[in-house]
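Q: Given the sequences, and given the hints that come with them, work out the whole structure.
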Amino acid sequence: MTATNGQTTLSIRDLHVSVEDAEILRGVTLDVPAGEVHALMGPNGSGKSTLANALMGHPAYDVTAGQVHFKGRDVLDLETDERARLGMFLAFQYPAEIPGVRVASFLRLALNARRESEISVMAFRRLLLEKMQMLRMDPKFASRYLNEGFSGGEKKRNEILQLAVLEPELAILDETDSGLDIDALRIVADGVNRLRGSDLGVLVITHYQRLLNYIEPDRVHVLIDGRVVESGGKELAERLEAEGYERYGAATTSEDA
Amino acid sequence: MAVKDIEQVGLDTYKFGFHDDIQPVYTSPKGLSEDVVREISRQKDEPAWMLDFRLEALRQFERKSMPTWGADLSRIDFDDIHYYIRPQDRQARSWDDVPEDIKSTFDKLGIPEAERKFLAGVGAQYDSEVVYHSIRDDLEEQGVIFLDMDSGLREHEDIVRDYFGTVIPNGDNKFAALNSAVWSGGSFVYVPEGVRVDIPLQAYFRINAENMGQFERTLIIVEPGAYVHYVEGCTAPVYATDSLHSAVVEIIVKEGGRCRYTTIQNWSTDVFNLVTKRAVAYRDATMEWVDGNLGSKVTMKYPAVYLMEPGAHGEVLSIAFAGEDQHQDAGAKMVHAAPDTSSLITSKSISRKGGRTAYRGYVQVMPEAERCRSNVECDALLIDDRSRSDTYPYMDIEESDVAIQHEATVSKVSDQQLFYLMSRGLTQEQAMAMVVSGFIEPIVKELPMEYAVEMNRLIELQMEGSIG
Ligand SMILES: Nc1ncnc2c1ncn2[C@@H]1O[C@H](COP(=O)(O)OP(=O)(O)OP(=O)(O)O)[C@@H](O)[C@H]1O
Ligand SMILES: [Mg+2]
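Protein chains in written order, with our numbering: chain H, 15 to 271; chain V, 373 to 840.
Honestly, the hints are just simulated from the structure, not real lab data. Cβ coordinates follow ideal geometry from the N, Cα and C atoms, glycine included. All the pointers check out, no bait thrown in.
So, partial list: chain H residues that the calculated Cβ filter (under 10 Å) puts toward chain V: (1) M70; (2) G71; (3) D95; (4) E96; (5) A98; (6) R99; (7) M102; (8) L104; (9) F106; (10) P109; (11) G114; (12) V115; (13) F120; (14) L121; (15) N126.
A: What follows is the structure, encoded as structure tokens:
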């Protein structure tokens with residue numbers, strides 16, 4: 015429980031989550047201290063996105079036991095938007111499409127939702143352009159409809175744009191690297207690294223070492239069948255890359271829920 | 373900006389539901405009779421032909437049966453309605469001359485301000501009569517006429533007589549017949565050849581009295597190569613009893629002319645809104661109906677374009693929003709009466725809290741109207757499981773060399789969309805309003821900026837308290 019500022023940003027204790035009465039997470043315990051980057055790895059279907067969704071309060075994900083604290087607050091009885099305004103952010107594995115809603119107008123509303131006073135239209139435009147430049151995004155994206163017709167990589171980049179504009183204190187990146195080309199991967203990683211060192215805690219969900227070469231994690235956790243079975247330093251990710259998950263007897267779905 | 377508006381307004385109810393205590397100078401007794409019709413005509417000092425037109429319409433009204441399709445109209449009690457209420461004696465040309473109590477109504481609705489900012493002319497109707505009217509001087513000098521219908525008849529009887537009732541005959545349907553018998557107010561617009569009115573003319577319709585029937589009558593004539601955009605807005609107080617609004621709008625667009633008619637209908641939810649709107653478009657003319665239906669208890673309205681000569685183009689863009697106890701039965705009618713004509717219908721409806729919307733459309737292609745194109749797209753969005761949406765697309769195609777397309781979708785706001793937006797800090801209501809405003813965006817972006825803002829604001833107000 016040591017952190018740069020002595021305070022744990024995210025603390026998950028023995029979390030059990032069910033979807034449609036099937037238990038997917040079976041007691042997850044995990045801390046992401048402020049200022050640290052943690053990687054969460056694990057085979058397909060092991061429950062990584064389930065954890066991400068449950069942390070953000072998706073109504074379809076039923077928390078049956080356990081606790082989640084963020085900045086010292088119990089967040090499990092908070093609505094999704096309240097968690098967001100508290101500083102939590104999820105970059106989605108599959109971002110939803112919102113036809114007819116422009117990226118810029120959506121982001122301005124979202125930014126204002128977490129500010130005391132409203133940002134002026136001009137100031138917002140400047141901020142948005144600056145962040146888009148940082149992510150080497152065509153300014154035209156600002157007036158496109160949110161995720162509609164975006165390519166896979168464009169959707170991911172758009173998620174990171176939102177991260178950069180909203181400046182949360184905890185970012186959960188759910189496979190943000192998949193679908194990104196090599197240049198985009200580097201740009202996204204640069205973006206995250208630039209925000210690093212502040213109080214931002216990051217939980218990176220990924221299948222690949224490649225991203226972790228750019229965003230070096232402080233800790234790596236392995237999720238198998240809804241449980242964290244091992245945690246370690248960045249060398250753990252390298253080992254997983256070489257050996258896979260076989261040693262955990264994984265990739266079998268559990269029937270013993 | 374959008375969200376702050378909601379907070380500033382701070383209302384979860386109908387914002388325009390107030391009423392003002394006005395002593396009208398004349399109120400006809402409840403119920404409809406030949407005496408009532410004669411008295412209206414007498415008070416207006418009309419020519420005999422108009423009285424005859426009214427009396428013939430009354431006979432048609434009595435003969436016609438109520439429509440048995442569409443919405444439930446059984447609650448309308450024709451004997452419990454005042455058909456004519458004259459709020460004041462004279463019409464004002466300046467807001468200063470409008471009686472203080474009536475003016476304050478329009479002040480609350482923001483009309484004088486809008487006029488100063490972005491309108492070429494304004495008409496304001498209060499119950500049965502137009503109480504204020506103005507038009508920009510330069511347009512008047514170019515021969516543009518923008519008057520209330522009664523003044524139009526008095527001052528330009530020759531033009532009115534040529535066109536009045538030619539697009540919608542007095543026996544067209546029961547409610548058109550009713551309007552033809554007791555009509556009062558509405559607008560008369562005449563745009564001379566080649567004149568382009570670059571910013572909108574707006575008419576504002578307000579029902580103030582209880583158990584009131586408002587029957588305005590609008591006639592727009594667009595001469596060859598001319599252009600006009602006419603906008604109407606409507607509100608009414610909230611009473612426990614029902615009111616009836618039954619307008620007739622006739623439009624003639626001549627060769628190469630273009631007319632756009634925008635409605636933002638926001639009646640209170642005790643108004644039966646049964647309106648007949650029809651335009652004829654001649655060679656290379658364009659007629660566009662932009663129709664936003666947010667209020668009323670029941671709306672039945674199907675703006676029509678008769679495409680009379682080659683090159684004519686008709687469009688209907690409509691948005692219908694039905695909340696609790698509301699039934700919006702709206703749509704469009706396109707009649708391709710000549711070759712090489714085209715039409716486009718885009719309809720977007722939103723239902724929530726058990727509200728009901730229907731798209732009812734009719735596309736007709738007459739024999740030998742070759743190479744016609746028609747495109748119909750209607751999309752319905754359901755906010756919850758209790759609400760309902762139906763689609764009735766009728767087609768009557770009597771020519772084989774045509775290109776007709778029809779597409780209909782029904783969608784729901786998905787949990788995934790709401791979760792996504794809320795995960796960025798938007799409340800559930802904001803998220804819902806955002807999905808809805810995105811849904812209607814293809815139509816809203818066609819509106820002048822001021823109306824687009826107004827439309828989005830009304831949608832947000834509608835969405836308040838819509839969750840759960
Ligand atoms: N909304 C849902 N409805 C039904 N089943 C679900 C739902 N969400 C997750 N599951 C199930 O829960 C299990 C874990 O899914 P999850 O998406 O969390 O896996 P993951 O670790 O993110 O996998 P991947 O690496 O493929 O993204 C899977 O068996 C999945 O089918
Ligand atoms: Mg996943």
